[in-house]
Amino acid sequence: MSIRALSSHPRDHVATIVVAALSSAFGVVMLEASGIIATAVGTDEVVSGSTTVRLVLSVVTSVFTLIAVYVGAIVTANTFATIIAGRTRQIALLRLIGAQAGRLRRAVATEGLLVGVMGAIVGLVIGAAIAAAAIASGTSAGWLPSADYVVMEPLILLPVAVVAVTTWASAWVGSRAVTTVTPLAAVGAAVDARLESARRGVARNIAAITLAGAGFALLALGVVIGLSTPIGLLVSFFGGVLSFTGIVLGAHLVMPPVLRLVGRAFGPRPAARLAAENAVRFPERSSRATIGLVIGVTLVTMFAVAMASYRAMILSSIDDPTMARAVDQSLTVTTAIFAGLVGFSAIIAAVGMINNLSLSVLQRTRELGLLRALGFTSRQVRGMILTESAQMTVAAVLLGLVLGVFYGWAAAQSILGSLTHGIIAPALPWPIIAIVVIGGAALSLAASVAPSRRATTVSPVVALTVQ
Amino acid sequence: MRRPKVIPEMYPTPSCSPIRRGDPLRSVDDMQITTTDLGLVARVTHLSKQFGEGPGAVRALDDISIGIRRGEFTAIMGPSGSGKSTMMHVMAGLDSPTSGEVWIGDTEISRMRDAELTLIRRRRVGFVFQSFNLVPTLDVRGNILLPFELDGRRPTADESVWIEHLTQSLGLTSRITHRPHELSGGQQQRVAIARALATRPDLVFADEPTGSLDSRTGREVLALLATAARDYDQSIAMVTHDPIAASHADRILFLADGRIVDDRGATAAEDISRIMLGMEAAA
Ligand SMILES: Nc1ncnc2c1ncn2[C@@H]1O[C@H](COP(=O)(O)OP(=O)(O)O)[C@@H](O)[C@H]1O
Ligand SMILES: [Mg+2]
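Residue numbers (this note's numbering), protein chains in the order written: chain A, 66 to 532; chain B, 149 to 431.
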């Protein structure tokens, strides 16, 4: 019945499928890799106690997979919120003719489960294929000892299931707005009074501020405790998780000022000014588009800064230059691997941002048509979309870098403070920061290609024709 | 001044011409004369517009030749589907004709490329649409100043005084920092009118500007448009299918099946209704 009428455009879900596939493929590859390493090590008689190896590997696997799934969940929830924002009128119409909000929301969540399962299975196939290819090429090239590697371990179904369920849950969370659409939105309202501007959850703001406040207090405590014992890291860890959750929850409070600041730096041209207004005008929309990237960049930077600080401290305490070089090398490799593993979440976040920008351009067809009618050239429209994308990327990368350096420093300080007996300066891993910045620039270009092309093909006549 | 390449046979022959004697267009048959000399702000000659190809093609405009007079409030009337909106879109440079010529002032725009057309729209015409007239991200002031903004300039001192006057006389002063969604439909239309008048364009096009307003608010908006034409000498072309709306105009062009079938001066709503009913019956 009416639920069918809510059926979506297939392209609405492309990003969710990609994100689910990426997360699930990542989880599968991580599991396969740890299985392969454990099996390979098991054949080596010198390395004993392969159960310890297995344990370490499974901890590393779970941590990084969970990070990817977490970022993917946030991206997916935001994708669904964007889709819902674009379907407001349709939902209002269904409500008007008697559809229950709860049913509509469940229908949306079910869509989420469907695309989640699809994406997760695609990821399983890709992940298993990568593992099989690695085993084949590794054993034939000789960098893997020949052994009985198992590609189709039952365990690899675990990340697949986790991703499918998480996508379902994210769709549910992201579709909360369905219940706030009133049937009245279907009638009248010559201007899209989007629900973003109407909905400012006070409870959510309080929760965000409380979490952030408590988290930062814990973090400070952890740093102080860290001055006498490395156990400070535990306190800091919880402080970090709490405060960061607060920031993510309150993204609609944090992002607009950052976006405004960045927007100002883009100068007073009309395209730039309108882009800045767009980014700031709908704080929900712009924070939805950017928060995934903020999380990704923060995590990468945090790991890199913590590792770099750790490395600086270790190296300064080693007198033997040969030994120092060996330690340096192994720490650099470890940092690179970890940063790469965390960086995968940043890629998932990037998919989310690209998608969010495209969707929001689609949803703004009439506005773009109006601008074209009033005298915006297609070049100006393209410039506006590119600027919007650049502003959002710059804001997200900047905030992510600042947060990442801070959290990385806090972690290093908490664990190393008792050794150095004082406040250490954060070590800045410039190569990784450079990669993040360059990646961000590439992203803002990539994110704006498709939407800006679409935006310039908007015909003012079609856009302004009253349906 | 650039002379248009007007040639006699481009004007409609009397047999198919709905334009009556005494009309400026008819009295200049053999002269090389410009739009401006005719007292017109815009005109079209042998304008046709076809949508699609082959058997499914729709001829929305069929060989129309007409001029819009300077300083007048012209209504373009006709039943739904008669081609009113299409005619406005082509005249305003929003869409291109299939054949024929379109002039805004002494500029021929029918063969212009998109970038040039955009500049014409920005600088020489104003728009009031039925709905979704305003950029939701900008407040009232931002929307009124948008044409200047798009042009990358600030209003001159003279223009600022004019905009101030417009805002005041349209009763928008207290709303100046409001966003579109905080305004009623009538207020939104008034902002759109202020924006359309702000640059003092050659011609303001309004497509069913009262189409989504209640009748009282609609009358207010119409009175504002009529006042703008009378007091500020602003040329306005308004598309409508509402006889009451058309009764505010100085001149009414009637369209049916993509052709101009009647052209008269100010007419009372009842008479307009009668003409329209006659047209529907004939169809
Ligand atoms: N973009 C288009 N594509 C195909 N046909 C169109 C298009 N726009 C208008 N038409 C057709 O042209 C005719 C005139 O339409 P329109 O100018 O919108 O009429 P009016 O504004 O008088 O109601 C109608 O038959 C309409 O279906
Ligand atoms: Mg129309």
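There may be inaccurate statements among the hints.
[Said to hold, decoys possible] Here's a subset of chain B near chain A, in silico, CB distances under 10 Å, partners left out:
1. PRO295
2. ASP398
3. ARG399
[Unchecked claim] Only some residues are given here: those of chain A computed to face chain B with a beta carbon under 10 Å:
4. PHE281
5. ARG346
6. GLY434
7. LEU436
8. ALA438
9. LEU439
10. GLY440
11. PHE441
12. THR442
13. LEU529
It should be emphasised that the hints constitute simulated quantities derived from the structure, not laboratory data.
For clarity, every value in this text was computed on a predicted model and none was experimentally measured.
Where a beta carbon is used, it is the ideal one built from N, C-alpha and C, also for glycine.
For this session: May I ask you to test the interface hint for ASP398 (chain B) with respect to chain A, counting a Cβ-Cβ separation under 10 Å as satisfied?
Result: Where the cut-off is 10 Å and the nearest Cβ of chain A is about 25 Å from ASP398 (chain B), the hint is violated.
For this session: So, PHE281 (chain A) near chain B? Judge it on the closest CB pair being under 10 Å.
Result: At about 33 Å, which exceeds the 10 Å cut-off, the nearest Cβ of chain B leaves the hint on PHE281 (chain A) violated.
Problem set entry | chain A contact restraint for ARG399 (chain B) - C-beta distance below 10 Å | Cβ of ARG399 (chain B) sits 25 Å from chain A, so the hint is violated.
Exercise. Would the stated hint for LEU436 (chain A) survive a check requiring a Cβ distance to chain B of less than 10 Å?
Worked result: Nearest chain B Cβ about 7 Å off; hint holds.
Exercise. Hint check: is the beta carbon of LEU529 (chain A) less than 10 Å from a beta carbon of chain B?
Worked result: 6 Å, holds
For this session: Against chain B, run the beta carbon of GLY434 (chain A) and see if the smallest gap drops under 10 Å.
Result: With a minimum Cβ separation of about 9 Å from chain B (threshold 10 Å), the hint on GLY434 (chain A) holds.
Exercise. Hey, does the THR442 (chain A) contact hint survive, CB to chain B under 10 Å?
Worked result: 5 Å, holds
Exercise. Does the CB of LEU439 (chain A) sit less than 10 Å away from some CB of chain B?
Worked result: It holds, given that the least Cβ distance between LEU439 (chain A) and chain B is near 6 Å, below 10 Å.
Exercise. Was the hint right that PRO295 (chain B) lines chain A, CB cutoff 10 Å?
Worked result: 6 Å, holds
Exercise. Against chain B, is ARG346 (chain A) within 10 Å by beta-carbon distance?
Worked result: 4 Å, holds
Exercise. Was the hint right that GLY440 (chain A) lines chain B, CB cutoff 10 Å?
Worked result: 2 Å, holds
Problem set entry | Restraint outcome when ALA438 (chain A) is required to lie within 10 Å of chain B by C-beta distance | 6 Å, holds
Going through the hint list in order, the structure does not satisfy hints 2, 3 and 4.
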